[in-house]
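Visitor: Letter by letter, the chains look like this.
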Amino acid sequence: MSEPTVQAAADAALLDQQVDASRLQGASQWGLIWHKFRRHKLAVFSLVVVGFIYFVALFAEFLAPTDPGRFDPRYTYAPPQSIGLFVDGSFQPHVKGYSIELDQASFRRVFVVDPDVTIPIGLFVRGQSYRMWGLFETDLHFIGPLDPSQPFFLMGADRLGRDMLSRTIHGTRISMSIGLVGVGLSLVIGMILGGISGYYGGFADRAIQRVIEFIRSIPTIPLWLGLAAAMPREWPPLQVYFAILVILSLIGWTEIARVVRGRFLSLRGDDFVIAARLDGVSEYRLIMKHMMPSLYSHIIAAITLAIPNMILAETALSFLGLGLQPPIVSWGVLLQDTQNLRAITQAPWLFIPGICVVVAVLALNFLGDGVRDAADPYAK
Amino acid sequence: MFLFVLRRIAGMIPAMFAISILAYTIIQLPPGDFVSTYAAQLAESGTIVDSARLESLRDRYGLGQDVVTQYFKWIGGIVTRGDFGDSFEWNQPVTELVWDRMGMTALISLLTLIAMWAVSLPIGIYSAVRQYSVTDYVATIFGFLGMATPNFLLAIVLMYISTMWFGASVGGLFSPQFVNAPLSWAKIWDFITHAWIPILILGTAGTASLIRVMRANLLDELHKPYVEAARAKGMPETRLILTYPTRVALNPFISTVGWVLPALISGELIVSTVLNLPTAGPLLLQALKSQDMFLAGAFILLSGALVLIGTLISDILLAISDPRIRLS
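Chain order of the listed sequences is A and B. Letter by letter, the first sequence follows residues 1 to 380 in the numbering used here. Letter by letter, the second sequence follows residues 1 to 328 in the numbering used here.
Hint data in this document are derived by calculation from the structure and do not stem from the laboratory. Warning: the hint list may mix true and false statements.
[What the hints assert, rightly or not] On the chain A side, residues computed to face chain B include the following (Cβ under 7 Å): (1) I215; (2) I218; (3) P219; (4) I221; (5) P222; (6) L225; (7) G226; (8) A229; (9) L312; (10) A316; (11) T338; (12) T345; (13) Q346; (14) W349; (15) G354; (16) V358.
Here the structure is a predicted model, which means the values were calculated and not measured. Glycine is no exception: its CB is placed at the ideal position from the N, C-alpha and C atoms.
Make the full structure from the sequences, and use the hints.
Guide: This is the structure in structure tokens:
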């Protein structure tokens with residue numbers, strides 16, 4: 001690299017900085033937060049991943065090739081198919097069919113790929129009909145075989161010959177929504193108790209802090225299990241879903257309360273709060289109009305960091321058989337199948353929901369870290 | 001020091017009381033009283049129900065009286081006679097079932113805790129001293145992965161790998177010939193060869209976060225003037241770091257027991273269910289599924305007590321390492 005280009009690059013960088021600085025001078029607080037957040041590359045990448053996961057959760061019926069409950073005993077533990085693009089030199093996306101052979105050593109049925117059978121597939125195909133968000137009837141699927149009766153298992157099949165891809169996609173909706181709704185519930189409890197604790201201090205603060213310490217010192221799994229086991233067996237799945245949400249939130253609120261309390265404590269003595277109070281602003285207005293806006297970003301960070309814990313907790317509960325019950329499909333419910341060692345040696349693709357858990361939890365944690373760092377854009 | 005320990009033990013009593021109330025609430029949660037459930041179970045299996053026995057059970061647990069009386073009958077039995085009630089599923093006093101299992105859980109948790117400290121302390125120190133080195137990055141990545149992987153998944157993956165590649169199944173804590181054998185060196189060795197697998201699985205997540213804690217603590221200390229001063233006086237680097245900043249950074253590290261131990265016991269319950277270890281986990285799960293609530297309640301009470309004892313020990317350790325705490 002020659003001398004002038006280095007000089008030019010340095011000039012350009014300087015100019016960039018100046019433009020940045022002038023733009024930042026008039027930026028809103030959210031603008032500043034976004035500016036700081038963008039520099040955290042891993043967090044930005046995680047934002048994309050999390051966005052994608054929630055997109056999948058939102059459009060689960062459309063993205064899944066079939067209904068998660070559709071079973072076909074002919075394809076028990078069918079291995080994943082791979083997509084081919086060309087047939088005899090012409091463009092035709094397809095998967096290969098299966099043929100079944102008897103393994104002479106173990107006398108088990110094994111699937112082998114049958115190269116002679118091609119199953120044409122396509123995007124936006126017609127398949128099983130479903131009600132999109134319970135609103136309207138349609139049979140459009142993002143991807144699937146052109147002939148819906150043909151086998152199509154991109155991630156293999158489980159012990160009843162159900163499509164793992166469809167089940168994982170539908171599981172995404174349940175697992176991710178448990179995280180989101182559960183945190184919403186924890187947020188309400190955490191904001192109220194944390195707010196009282198931090199704003200009023202004194203006896204209420206001490207009492208709430210003792211309760212939080214106590215809750216945090218109990219091993220969570222036995223407690224959750226105990227509460228979950230007390231649920232009547234005959235409850236319908238939706239009621240179980242909400243009961244699990246409440247059980248998880250009963251413990252999940254403590255971290256949010258801690259963050260809210262800490263912020264209230266430090267804000268309480270700030271000049272603008274004292275000024276507003278001396279001006280005779282009502283307590284409600286003081287909290288909602290003056291203190292809350294500087295809390296939002298911290299709360300968002302706390303929420304983002306709380307969601308993965310909820311997801312992990314739900315997964316563990318459902319895995320042990322005391323959480324959500326089939327026919328509801330969550331990642332934890334899907335992972336129940338991996339408890340059978342024989343099944344996973346025969347069908348390792350049963351682990352795929354586990355990979356989803358790890359990816360979702362990692363992405364949410366990185367995102368939460370990024371938001372937490374950006375939450376206070378004035379800190380160095 | 002003696003007074004300090006005494007004060008701490010006195011401070012445990014309200015917490016223990018709260019845990020016992022919680023455990024009893026869980027015992028009470030399933031609909032219907034357990035003697036009726038028990039009678040229904042007996043009738044279902046065709047056994048003739050002895051109404052005198054049922055009556056004595058009702059009397060013993062104070063059924064029909066108010067909840068507070070029932071609670072005091074239950075906790076009174078535990079405190080005075082060590083009587084946790086009967087397990088209806090096993091038809092045995094709970095006491096005969098819990099202690100062995102709970103002891104194993106305590107042992108595994110303690111060994112895991114020691115292993116976690118032994119691993120995370122040196123790595124944490126190294127990570128802080130050589131910040132942004134390859135080892136630091138590897139430790140960080142390992143840390144995040146360990147945090148994001150549910151430990152039951154880790155257990156299953158490990159079982160899968162050992163079955164696929166080594167052809168041996170992991171699981172259990174003893175070889176069959178040692179299960180009922182009396183304690184001997186051979187049995188202890190057999191235990192060690194089995195126990196490292198659950199310890200490895202349980203320790204991964206905690207080790208990961210402990211490394212982060214140690215690294216952050218030490219990084220806060222490393223650039224303080226007293227370190228600079230010692231270095232300027234020509235103190236050898238290794239001795240310098242181990243003598244001064246590490247000792248300061250150690251205090252928050254010791255107090256992590258408060259949240260590591262509950263997580264450890266929680267994790268132990270799941271992992272031991274997957275690996276089928278003779279610890280509290282599988283029995284608790286079984287008890288909860290069949291709503292054998294006295295057994296389940298005993299486990300919940302004892303695991304809470306285990307955390308309290310662990311926290312007490314860490315407080316004592318903290319007081320030994322930091323005189324400011326025991327003197328204030």
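Visitor: Hint by hint, note whether the structure agrees.
Guide: To see whether the hints hold, each was checked on the structure:
no., hint, result
1, I215, "violated (10 Å)"
2, I218, "holds (6 Å)"
3, P219, "holds (4 Å)"
4, I221, "holds (4 Å)"
5, P222, "holds (5 Å)"
6, L225, "holds (5 Å)"
7, G226, "holds (4 Å)"
8, A229, "holds (4 Å)"
9, L312, "holds (6 Å)"
10, A316, "holds (6 Å)"
11, T338, "holds (5 Å)"
12, T345, "holds (6 Å)"
13, Q346, "violated (11 Å)"
14, W349, "violated (12 Å)"
15, G354, "holds (5 Å)"
16, V358, "holds (5 Å)"
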